[in-house]
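Colleague: Position chain B relative to chain A; hints supplied.
Quick mapping for you: the protein sequence lines, in order, are chains A and B. Residues 109 to 247 in the working numbering are what the first sequence spells out, letter by letter. Residues 2 to 286 in the working numbering are what the second sequence spells out, letter by letter.
No lab work stands behind these hints: they were computed from the structure. Nothing here was measured: the structure is a model prediction, and the numbers come from that model. All the pointers check out, no bait thrown in.
Just some of the chain A residues that point at chain B, by a computed CB distance under 10 Å:
| id | residue |
| --- | --- |
| 1 | Val141 |
| 2 | Phe148 |
| 3 | Ala169 |
| 4 | Tyr172 |
| 5 | Asn220 |
| 6 | Ser244 |
| 7 | Gln247 |
Within a straight-line C-alpha distance of at most 25 Å, the following computed PhoX-like cross-link-like pairs (lysine-lysine) qualify:
| id | chain 1 | residue 1 | chain 2 | residue 2 |
| --- | --- | --- | --- | --- |
| 8 | B | Lys251 | A | Lys246 |
| 9 | A | Lys142 | B | Lys138 |
| 10 | B | Lys55 | A | Lys217 |
| 11 | A | Lys217 | B | Lys240 |
| 12 | B | Lys240 | A | Lys199 |
| 13 | A | Lys206 | B | Lys253 |
| 14 | A | Lys246 | B | Lys260 |
| 15 | B | Lys251 | A | Lys142 |
| 16 | B | Lys260 | A | Lys197 |
| 17 | A | Lys217 | B | Lys54 |
| 18 | A | Lys246 | B | Lys191 |
| 19 | B | Lys240 | B | Lys260 |
| 20 | B | Lys253 | A | Lys199 |
For every residue, glycine included, the Cβ atom is placed at its ideal position computed from N, Cα and C.
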Amino acid sequence: MKKIIITFTIALFAITLSNSAFAQCDSIATMCVKHMTAQFISDGQQYRALLLDQESAEFNATFYGNSTYRLAACSGKSDGNLVFTIFDKEKNVLFTNKDYQNAPYWDFKVTNTLDCSIEAQLNSTLSSGCAVLLISFKQ
Amino acid sequence: MSVASAFYGCGSTGDSEEDKPIVVIDSNKTDIINIGGALFSIPSPIQTSILLKKTGANYNKEILNSNKNSANYSTNFKKAVNMGVYGADLGYVTIYEQTQDAIGYLQAVKKMGDDLGVSGAFDAALMKRFEVNLGNKDSLLVLVSSAYRASDAYLKNNERDDVSSLIIAGGWVESLYFSTKIAKKNKGNKDVIQRIAEQKKALDNLIKLLTPYYQDLEYKEFIDALIDLAYDFDGIEMKYTFVAPTTDAKNKITTINSKSEIVITDDQLNAITEKVDKIRTSIIG
Numbered sequence: 109m110k111k112i113i114i115t116f117t118i119a120l121f122a123i124t125l126s127n128s129a130f131a132q133c134d135s136i137a138t139m140c141v142k143h144m145t146a147q148f149i150s151d152g153q154q155y156r157a158l159l160l161d162q163e164s165a166e167f168n169a170t171f172y173g174n175s176t177y178r179l180a181a182c183s184g185k186s187d188g189n190l191v192f193t194i195f196d197k198e199k200n201v202l203f204t205n206k207d208y209q210n211a212p213y214w215d216f217k218v219t220n221t222l223d224c225s226i227e228a229q230l231n232s233t234l235s236s237g238c239a240v241l242l243i244s245f246k247q
Numbered sequence: 002m003s004v005a006s007a008f009y010g011c012g013s014t015g016d017s018e019e020d021k022p023i024v025v026i027d028s029n030k031t032d033i034i035n036i037g038g039a040l041f042s043i044p045s046p047i048q049t050s051i052l053l054k055k056t057g058a059n060y061n062k063e064i065l066n067s068n069k070n071s072a073n074y075s076t077n078f079k080k081a082v083n084m085g086v087y088g089a090d091l092g093y094v095t096i097y098e099q100t101q102d103a104i105g106y107l108q109a110v111k112k113m114g115d116d117l118g119v120s121g122a123f124d125a126a127l128m129k130r131f132e133v134n135l136g137n138k139d140s141l142l143v144l145v146s147s148a149y150r151a152s153d154a155y156l157k158n159n160e161r162d163d164v165s166s167l168i169i170a171g172g173w174v175e176s177l178y179f180s181t182k183i184a185k186k187n188k189g190n191k192d193v194i195q196r197i198a199e200q201k202k203a204l205d206n207l208i209k210l211l212t213p214y215y216q217d218l219e220y221k222e223f224i225d226a227l228i229d230l231a232y233d234f235d236g237i238e239m240k241y242t243f244v245a246p247t248t249d250a251k252n253k254i255t256t257i258n259s260k261s262e263i264v265i266t267d268d269q270l271n272a273i274t275e276k277v278d279k280i281r282t283s284i285i286g
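Isolated chain A, as found in the complex (with noise of 0.2 Å):
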């Protein structure tokens, strides 16, 4: 019985904590959702990642050519939490936020397609958290 009771109280604590991590998640979305305008289309998925300390979250993309695209990374209750990086595919830096204050968001005119992956990053000062990723095409 005791053993039962023991089973049934680690489950609770891992929902609980698995919902708590969800919620933060969603409330980091809905505040990154903003840096999306009218003007831009959302590829219809959100991207995220729960990262502690200096752990990275890597996410891979096509982006096509001839078209601009708006990327948003966020972390935490404010804007600067997340430092994300694009590489191409030859592990060249293409393009990093830390350059520009952390920067929330990014806009990226891609000239002919490109596979790319985006390494997301807590900022320092977060010890743990929810990284969201948005990507959004124009009009």
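Modeller: Then chain B, alone, in the frame of chain A:
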């Protein structure tokens, strides 16, 4: 490493360890995490429909999955994958400003969403806003894509990443199907042929996204068909040249100047067209 080569042996029907798929996830960097394969972005099907219209392709209702078929889908697999298919169809009819068809497809999407338990994203308020904005294509596209993002978030919150992945997969297959149909009809449409060839990496990402669910028979058949298609994409030649980007910090915009060139032969295009047709038939049937 390409997905097709990484999945060597997956096409067989055996149950041995050798036949099981190998999930290829970047392991070179130990501090990088991938959660549930959710970190693979698949381009929006709406972008392809925008390109089709730009190249002068005429509206063709025949290439869409009839919204009447929405009553026929009984399994969650079929409902989810066709929610993606209908989303791509809705994007297509909206871009071509076919308002009556758009309402029919929105209802098909709503039905799939209701059946899957994601009705919150396609609720009465959205349906009303859609009808109010029927004459405004740009607003409709924003509404629909935002509703899909909301349902994606809802599914991930509820740990239903499998359903989320299928919706994305259905949309991707449908938009590739549009492209192959139009490329077949108009062989000189180089932009559309190029767009087909550009799906190589997206297909790799899609397979990685679905692979965690390979044990389920419906997924297995679908993933095997996508892997088979990836073999044809593997033959497409891609050249990439890095060119330093330029940034306009004041306007928060960076221009990516790198060059890419893709070479796809007629044989490759024909093989892809044939396989996409079969995959699409199997998911909408």
